[in-house]
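J.: Order-wise, the sequence lines are chains A and B.
Mapping of the first sequence onto the numbering used here: residues 1 to 292, in sequence order.
Mapping of the second sequence onto the numbering used here: residues 293 to 640, in sequence order.
I should point out that these hints are in silico values taken from the structure, not numbers from a laboratory.
Positions of the beta carbon are idealized from the N, C-alpha and C atoms, including for glycine.
Possibly wrong hints are sitting among the right ones.
[Unchecked claim] DEER-style ranges, computed between Cβ atoms:
{"hint": "1", "chain 1": "B", "residue 1": "Q524", "chain 2": "A", "residue 2": "F260", "range": "39 to 45 Å"}
{"hint": "2", "chain 1": "B", "residue 1": "Y337", "chain 2": "A", "residue 2": "F84", "range": "39 to 45 Å"}
{"hint": "3", "chain 1": "A", "residue 1": "I9", "chain 2": "B", "residue 2": "Y567", "range": "35 to 41 Å"}
{"hint": "4", "chain 1": "B", "residue 1": "E527", "chain 2": "A", "residue 2": "E168", "range": "46 to 52 Å"}
{"hint": "5", "chain 1": "A", "residue 1": "A62", "chain 2": "B", "residue 2": "L309", "range": "24 to 30 Å"}
{"hint": "6", "chain 1": "A", "residue 1": "S7", "chain 2": "B", "residue 2": "L315", "range": "54 to 60 Å"}
{"hint": "7", "chain 1": "A", "residue 1": "L13", "chain 2": "B", "residue 2": "D568", "range": "27 to 33 Å"}
{"hint": "8", "chain 1": "B", "residue 1": "L343", "chain 2": "A", "residue 2": "F84", "range": "46 to 52 Å"}
{"hint": "9", "chain 1": "A", "residue 1": "A282", "chain 2": "B", "residue 2": "I353", "range": "52 to 58 Å"}
{"hint": "10", "chain 1": "B", "residue 1": "N471", "chain 2": "A", "residue 2": "I256", "range": "32 to 38 Å"}
{"hint": "11", "chain 1": "B", "residue 1": "Y567", "chain 2": "A", "residue 2": "S213", "range": "18 to 24 Å"}
{"hint": "12", "chain 1": "A", "residue 1": "P128", "chain 2": "B", "residue 2": "N471", "range": "37 to 43 Å"}
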Amino acid sequence: MESEGISAIVVPLILLTLRQTTPLVLAGLGGIFSERVGVVNIALEGMMLIGGFVGIWVGQSAGVLAGALAAILSGALTGSLHLFMTQRLKMDHIISGVAINLLALNGTTYLLRKLYVMAEPIRDASVPTTIPVGYFIALTLSLPFLAHFVLYKTAFGLRLRAVGESAESVRMAGLTPIRLRTAGLLISGMLGGLAGAYLALSQVGRFSDDMVSGRGFIALAAVVCGRWTPLGAALAALIFGFFDALQLQLQGVVNIPSQFLLMVPYVFTILAALVLRPTPPAALGREEETEG
Amino acid sequence: MRSLRFTLGSLTLAFMLAALIILATGGSPITVFSALFKGAFGNLYAFGYSLIVYRHYEPPIEIFRTLNRATPLLLCGLAVAVGLRAGLFNIGAEGQLLVGALAAAWVGYAFKGIPALLHIPLAMLAGAVAGGVWGYIPGLLKAWRGAHEVIITIMMNYVAIRLTQYLVNHPLKDPNTLNTATPFIQPSAQLWVIEKSSVFSIGFFIAILLAAGYAFLMRRMSLGFCIRAVGQGAEAARSAGIPVARTLIITMCLSGALAGIGGAIEILGLYHRFYDQFSSGVGFDSIAVALLGGLNAPGIVLSAVLFGGLNTGAEQMQIETGTPLQIAGVIQAIVILLFGARYLKRRA
């Protein structure tokens, strides 16, 4: 009896933790591939929102798998916009990220209302069948290791990391920095879009206003706490996902205000900045000549 | 002159792109934009007619609503601008505004029986201090541990959202209401109202005074010189004997305090109590305000009024034409994309 009682609490908590961790890991890996090539990416939130909306929009007519593919592509497109702004126009990375987030939030809400909620006749922004959550959880459990392998064990990964430390030295070695940054940003966008696809097409099966609600920033926090490494970020995301799941499980059961559990990722990150002193890649956000 | 041309050209381009979006989603840009303009500034033709023909001076109520909306944008725009002048990106204005608003609300309702001349400054000061503390933490972490202020201010935003949400749901909640809100502030803490039906108060003019103060600080005070020197290059400033760490911390405090005062004015002038989620997105909108205003005081005032009008007008436009008001946010985002590129070129 006793052990059954415990497993009745623990098993759902583990499953919920995995569900809540999944978008953080996917987006967090996206953040790593952008920041490791030297481009600050606070636009993860926007990439997820656009991915979620496009996923539902395409998924409705062409099926959920096509929707997920479209979400990934839309993320890559958003990544390209960020790349163009920061590398070609030399815009401050933060400004570009803020603008992309603002555009994504207002743009998706505008389209949701215009094409669905306020449309005549009203349409539902949902898909009839969802992608099983298990697929995404499997990705979440394997992708951090794959990313680790790519970044640390392959020549491609070495080059990606090198361009994040110094574009000049990469050029000296006879490589083109902008190509490497393009690769990093495309991977980043695809992962961000995939995270959005998970939320919209798998976890809930619909798109609603501001449905990402800050998860992109929690993913960014995981990147910082994990010191820009895939395994570290995945671990941080798991901790954040656990507290989120705990908060959901405890609601109404124990009298701890949920706000304090919801604060965990943010306070954790501030403390990490104080104690761990995480050092970002050297060229992160710096303006450099990357073309030619 | 060139800068003015660029500003007007960019705004036109942003509106043209928005017009394309409206067209593509089956609306009429002319109807939408005229509803937007009317919602923002009222029927200016009727106003001018009554002014000239009847000598009857009564500005449209929409203008007051726009100025109400512009007030927090103006103060947060100044907060972002003072940070950017020192090379700091404060994207935590939202959180600083929230804690400032709650602190002012608390002083406003908990202190009883003191004269307005004391109560109002006290509540404003509480807002400034709370916002300043919220700016101090990222400033300190930046100067002391080299932590990136962008990451920390984002985190501080969410801590502020959750913390104020907790406080207004539990310890500071008004027991006599179903809303998640604090009690109403005392009449002695309310800012003097100029136009009743829109609750337009002297708050806007306090913001204008602070904008003048910002200009004075930047041009005439040694702190302003230090801020600009650090913004142009920390290394050079350090070798010139400027206390870089101290300047960074003071700048973030000042920035947070400005946003905190913005929150205080929202409560003392407009809402008269702190509602959960009474504000959303001002912190990010104010980045557009600061950039469009070219980081100088008159420019920031103008762009705050412009974006205030855009937001107020968008609500009216949604009611009249069924066009979702988020089109205003889309325009703002495009403005940032167009202006951000120019800002960096100026700095380089």
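J.: Determine for every hint whether it applies to the structure shown.
T.: We went through each hint and held it up to the structure:
no.: 1; hint: Q524/B x F260/A: 39 to 45 Å; result: holds (42 Å)
no.: 2; hint: Y337/B x F84/A: 39 to 45 Å; result: holds (43 Å)
no.: 3; hint: I9/A x Y567/B: 35 to 41 Å; result: holds (36 Å)
no.: 4; hint: E527/B x E168/A: 46 to 52 Å; result: violated (19 Å)
no.: 5; hint: A62/A x L309/B: 24 to 30 Å; result: holds (28 Å)
no.: 6; hint: S7/A x L315/B: 54 to 60 Å; result: holds (58 Å)
no.: 7; hint: L13/A x D568/B: 27 to 33 Å; result: holds (28 Å)
no.: 8; hint: L343/B x F84/A: 46 to 52 Å; result: holds (49 Å)
no.: 9; hint: A282/A x I353/B: 52 to 58 Å; result: holds (55 Å)
no.: 10; hint: N471/B x I256/A: 32 to 38 Å; result: violated (23 Å)
no.: 11; hint: Y567/B x S213/A: 18 to 24 Å; result: holds (19 Å)
no.: 12; hint: P128/A x N471/B: 37 to 43 Å; result: holds (38 Å)
In summary, the numbered hints that this structure violates are 4 and 10.
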